[in-house]
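Chemist: The residues making up each chain are set out below.
Number of protein chains: 2
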Amino acid sequence: MKHINNYVEENKNRFLDELFGLIRIPSISSISSHKPDMYKAAEYWKDMLLKSGADKAEIYETVGNPVTYGEKIIDPKLPTVLVYGHMDVMPVDPIDLWDSPPFEPEVRDGIIFARGADDDKGQSMMHAKAFELMVKTNTLPCNVKFMIEGEEEIGSPSLGKWCEDNKEMLKADIILVSDTSMIAADIPSITTGLRGLAYWQVEVTGPNRDLHSGLFGGAVANPINVLSSMITKMVDETGKITIPGFYNDVMEVSAEERELLGGAPFSAEEYKKAIDVKELAGEEGFTPMEHTGIRPTFDVCGIWGGYTGEGAKTVLPSKAFAKISCRLVPNQDHLKIADLFKEHFESIAPKSVKVEVTSLHGGQGYVCPIDIPAYKAAEKAYTDVYGKRPVPVRSGGSIPIISTFEEVLGIKSVLMGFGLEADAIHSPNENYPLEQFYNGIKTIPLFYKYFAELSK
Amino acid sequence: MKHINNYVEENKNRFLDELFGLIRIPSISSISSHKPDMYKAAEYWKDMLLKSGADKAEIYETVGNPVTYGEKIIDPKLPTVLVYGHMDVMPVDPIDLWDSPPFEPEVRDGIIFARGADDDKGQSMMHAKAFELMVKTNTLPCNVKFMIEGEEEIGSPSLGKWCEDNKEMLKADIILVSDTSMIAADIPSITTGLRGLAYWQVEVTGPNRDLHSGLFGGAVANPINVLSSMITKMVDETGKITIPGFYNDVMEVSAEERELLGGAPFSAEEYKKAIDVKELAGEEGFTPMEHTGIRPTFDVCGIWGGYTGEGAKTVLPSKAFAKISCRLVPNQDHLKIADLFKEHFESIAPKSVKVEVTSLHGGQGYVCPIDIPAYKAAEKAYTDVYGKRPVPVRSGGSIPIISTFEEVLGIKSVLMGFGLEADAIHSPNENYPLEQFYNGIKTIPLFYKYFAELSK
Numbered sequence: 076m077k078h079i080n081n082y083v084e085e086n087k088n089r090f091l092d093e094l095f096g097l098i099r100i101p102s103i104s105s106i107s108s109h110k111p112d113m114y115k116a117a118e119y120w121k122d123m124l125l126k127s128g129a130d131k132a133e134i135y136e137t138v139g140n141p142v143t144y145g146e147k148i149i150d151p152k153l154p155t156v157l158v159y160g161h162m163d164v165m166p167v168d169p170i171d172l173w174d175s176p177p178f179e180p181e182v183r184d185g186i187i188f189a190r191g192a193d194d195d196k197g198q199s200m201m202h203a204k205a206f207e208l209m210v211k212t213n214t215l216p217c218n219v220k221f222m223i224e225g226e227e228e229i230g231s232p233s234l235g236k237w238c239e240d241n242k243e244m245l246k247a248d249i250i251l252v253s254d255t256s257m258i259a260a261d262i263p264s265i266t267t268g269l270r271g272l273a274y275w276q277v278e279v280t281g282p283n284r285d286l287h288s289g290l291f292g293g294a295v296a297n298p299i300n301v302l303s304s305m306i307t308k309m310v311d312e313t314g315k316i317t318i319p320g321f322y323n324d325v326m327e328v329s330a331e332e333r334e335l336l337g338g339a340p341f342s343a344e345e346y347k348k349a350i351d352v353k354e355l356a357g358e359e360g361f362t363p364m365e366h367t368g369i370r371p372t373f374d375v376c377g378i379w380g381g382y383t384g385e386g387a388k389t390v391l392p393s394k395a396f397a398k399i400s401c402r403l404v405p406n407q408d409h410l411k412i413a414d415l416f417k418e419h420f421e422s423i424a425p426k427s428v429k430v431e432v433t434s435l436h437g438g439q440g441y442v443c444p445i446d447i448p449a450y451k452a453a454e455k456a457y458t459d460v461y462g463k464r465p466v467p468v469r470s471g472g473s474i475p476i477i478s479t480f481e482e483v484l485g486i487k488s489v490l491m492g493f494g495l496e497a498d499a500i501h502s503p504n505e506n507y508p509l510e511q512f513y514n515g516i517k518t519i520p521l522f523y524k525y526f527a528e529l530s531k
Numbered sequence: 076m077k078h079i080n081n082y083v084e085e086n087k088n089r090f091l092d093e094l095f096g097l098i099r100i101p102s103i104s105s106i107s108s109h110k111p112d113m114y115k116a117a118e119y120w121k122d123m124l125l126k127s128g129a130d131k132a133e134i135y136e137t138v139g140n141p142v143t144y145g146e147k148i149i150d151p152k153l154p155t156v157l158v159y160g161h162m163d164v165m166p167v168d169p170i171d172l173w174d175s176p177p178f179e180p181e182v183r184d185g186i187i188f189a190r191g192a193d194d195d196k197g198q199s200m201m202h203a204k205a206f207e208l209m210v211k212t213n214t215l216p217c218n219v220k221f222m223i224e225g226e227e228e229i230g231s232p233s234l235g236k237w238c239e240d241n242k243e244m245l246k247a248d249i250i251l252v253s254d255t256s257m258i259a260a261d262i263p264s265i266t267t268g269l270r271g272l273a274y275w276q277v278e279v280t281g282p283n284r285d286l287h288s289g290l291f292g293g294a295v296a297n298p299i300n301v302l303s304s305m306i307t308k309m310v311d312e313t314g315k316i317t318i319p320g321f322y323n324d325v326m327e328v329s330a331e332e333r334e335l336l337g338g339a340p341f342s343a344e345e346y347k348k349a350i351d352v353k354e355l356a357g358e359e360g361f362t363p364m365e366h367t368g369i370r371p372t373f374d375v376c377g378i379w380g381g382y383t384g385e386g387a388k389t390v391l392p393s394k395a396f397a398k399i400s401c402r403l404v405p406n407q408d409h410l411k412i413a414d415l416f417k418e419h420f421e422s423i424a425p426k427s428v429k430v431e432v433t434s435l436h437g438g439q440g441y442v443c444p445i446d447i448p449a450y451k452a453a454e455k456a457y458t459d460v461y462g463k464r465p466v467p468v469r470s471g472g473s474i475p476i477i478s479t480f481e482e483v484l485g486i487k488s489v490l491m492g493f494g495l496e497a498d499a500i501h502s503p504n505e506n507y508p509l510e511q512f513y514n515g516i517k518t519i520p521l522f523y524k525y526f527a528e529l530s531k
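Residue numbers (my numbering), protein chains in the order written: chain A, 76 to 531; chain B, 76 to 531.
What the hints contain is simulated information worked out from the structure, not anything from laboratory work. Check the hints yourself; a few may be wrong.
Intra- or inter-copy, both count: the list cannot distinguish identical chains.
Derived pair list, reagent style BS3-like, types lysine-lysine, alpha-carbon separation capped at 25 Å [claimed, not checked]:
hint: 1; residue 1: LYS411; residue 2: LYS236
hint: 2; residue 1: LYS246; residue 2: LYS152
hint: 3; residue 1: LYS429; residue 2: LYS308
hint: 4; residue 1: LYS455; residue 2: LYS426
hint: 5; residue 1: LYS308; residue 2: LYS426
hint: 6; residue 1: LYS236; residue 2: LYS131
hint: 7; residue 1: LYS236; residue 2: LYS115
hint: 8; residue 1: LYS487; residue 2: LYS455
hint: 9; residue 1: LYS426; residue 2: LYS348
hint: 10; residue 1: LYS315; residue 2: LYS451
hint: 11; residue 1: LYS131; residue 2: LYS451
hint: 12; residue 1: LYS131; residue 2: LYS348
hint: 13; residue 1: LYS308; residue 2: LYS211
hint: 14; residue 1: LYS455; residue 2: LYS353
hint: 15; residue 1: LYS147; residue 2: LYS242
hint: 16; residue 1: LYS517; residue 2: LYS110
hint: 17; residue 1: LYS115; residue 2: LYS246
Full structure from sequences and hints, please.
Modeler: Written as structure tokens, this is what we have:
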């Protein structure tokens, strides 16, 4: 490991500068005016791969944002690792809650603060730099391919097709991804399950214009009142989602597995303190770790309608809107759930309003077996760097494309995440500790080493 | 009536120009950046009163927006009419639904389109021009006082105190107000009842920051889901408001009065068609006219929280907000209701969230007896101009200050409204037909004539 530590130590400031260059590109995929930034980020990645040691690197167009692909093939007989990452980031609202500008990275107390510092610019850049390390120290034991996409945060709508079109080029033995987190900086873990996702926008229309709430109020259905009550009806008193058929395909987790999951360190008091709530919530009969790990959810991600400005405006609004998402568990099909929701939501609308449901995106859940060589290689690599065997955990998050890779390319993914819960990804003040960034760069070359050995 | 018709005919274009000058001042009282416009509007009114024939006119400061007061005292022994109107208007959002700029009045097909065209610039300007008519034609039979305030649309928070401080100056026999509507252009009516109002902003806080809906979703209460369910709980399946004690003081209307009310022309089909809804809503056991006339309401005027931008952002938001109002009926005390709501709303909050309720404004309901001289004078005036005896109706709207006038000044108000339901007050494309504007100017001098006669 000495050559690894030395190389990181000697190059750490440059690594950081290269990450900061990427972060400064505000590549928000969900806001169309940032389209040019997606191309800047793709170029940045292309240059990064070439200067890190790739034989070639190209920007590929898709119907959406571009994909940067690069590779270094040292010997067709050696195993091939396909690295996946994403160059796009989440929007930054509410902007006024940031302590420093989201696209101007700042290190405070050993922590990088910026949008994308962790998700996924910081984590994906570790792979470029670990690759450089192996190339420059002549220790690369596998062929390497990189595919860095620009639409992960909007559900990777174009990448499935692009993989389909480039199947031959993408041939590999394993996909390696860093886009998840560990339990804590001193408790390494590897994510073995991901939740799926379905996401809709709903629009409830009452009268054809905003009405005077005095002259019409009481006789005309208020679309905000109606939307609120429709949302309320979607989850029952016990926390179960009421959409008929919603749980039909949910993979029930065995008592044994639930016990294993319950063994992961978890303090409800600390969890509550960290987010400043007096009580947790969730489906009856399950623990908080189970709520986020093995059960589906129904969350309104955004709601708006009527007068939302300063002061008091009395109005009976014409329209109310909500963005609604369900996290799904392995075996639930997001397309089927998207339809079930639409059908049910429309069916419970009173006749006094019109309802429109638009499916915005979705993705399937994923499970990684813990007995494949790639998982074992990852386990050994973490153990070397962190001094502890990593815990396999089911994450509540979604990386919709991971299950697509399995379907389209027939390749499993190993999720070597180095994020921490406190990183505030998707939130104001997203951050990533320098130590995790550098530990990642140290862990990845060990994965390659063990993977090459175990694949023999 | 001939001198009236002639004077209006000769001066109609100038009357309109003078109204347009007032409309062009964007005097939105609920948005603090429009404060300078409130002073511009107050000056405009001062000049208007002086050039229309007032002996004096002054701008009075209050803790909020200014009040313009003017008077013409012709003989202390004659009855005195105190005209009340307001120079402030509602916000213009959603601005993109306007067919022409809200503060650039435009006449299309004989109808004025602009914010304030009816409410209340158009209607209050009729009084200034009717006053001018009486002065210039030497037919003024009463003393006249004008008080035009700038905070009606935010609940007149300063005018009660100002009336208290200027009781002597404001002495009068009747208050005359045009800030309501008639049933239709060919069915004159006089509003004899107004609903009261209570208005709150509520803030529901879940976690202390926006969270990743995958990593935390399912275990942490979502403040939008919670707010929706709290709103839903406020009204039961029959349309009754569930706040304990809410109906205690509601003045039940006798079967006889309900029958009279039911006699007013009303077509549910036309009503539904006008606002493009398939079904009406409301409390069981009451008609639509009763819903808006004699029953209290619970309407969410605005709601917001989480991600409301373009596309799909998966977030478990920290906060959700709503602006909520109840229309109240005579005898319900808005201060008591404000407290009852706050207490109840806070009591139904689950422990997983924090709830803050702020009372933004309120006002009492009002009833005008139909046997007082001023009501009879108004009845005769409308009959002369419209050829039909006006119907007394209970309006669903609120003019909170009207009951304050009665409490503080001990003076009843007669609500001679000339608005129409189609005027879209408080909405985009607010409008006011020229015919109603001119008919108002013709009707008002007749009111003065009959009021002077009946007061003898």
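Chemist: If you test the structure against every hint from before, which numbers come out violated?
Modeler: 4, 10, 11, 12, 13, 14, 16, 17
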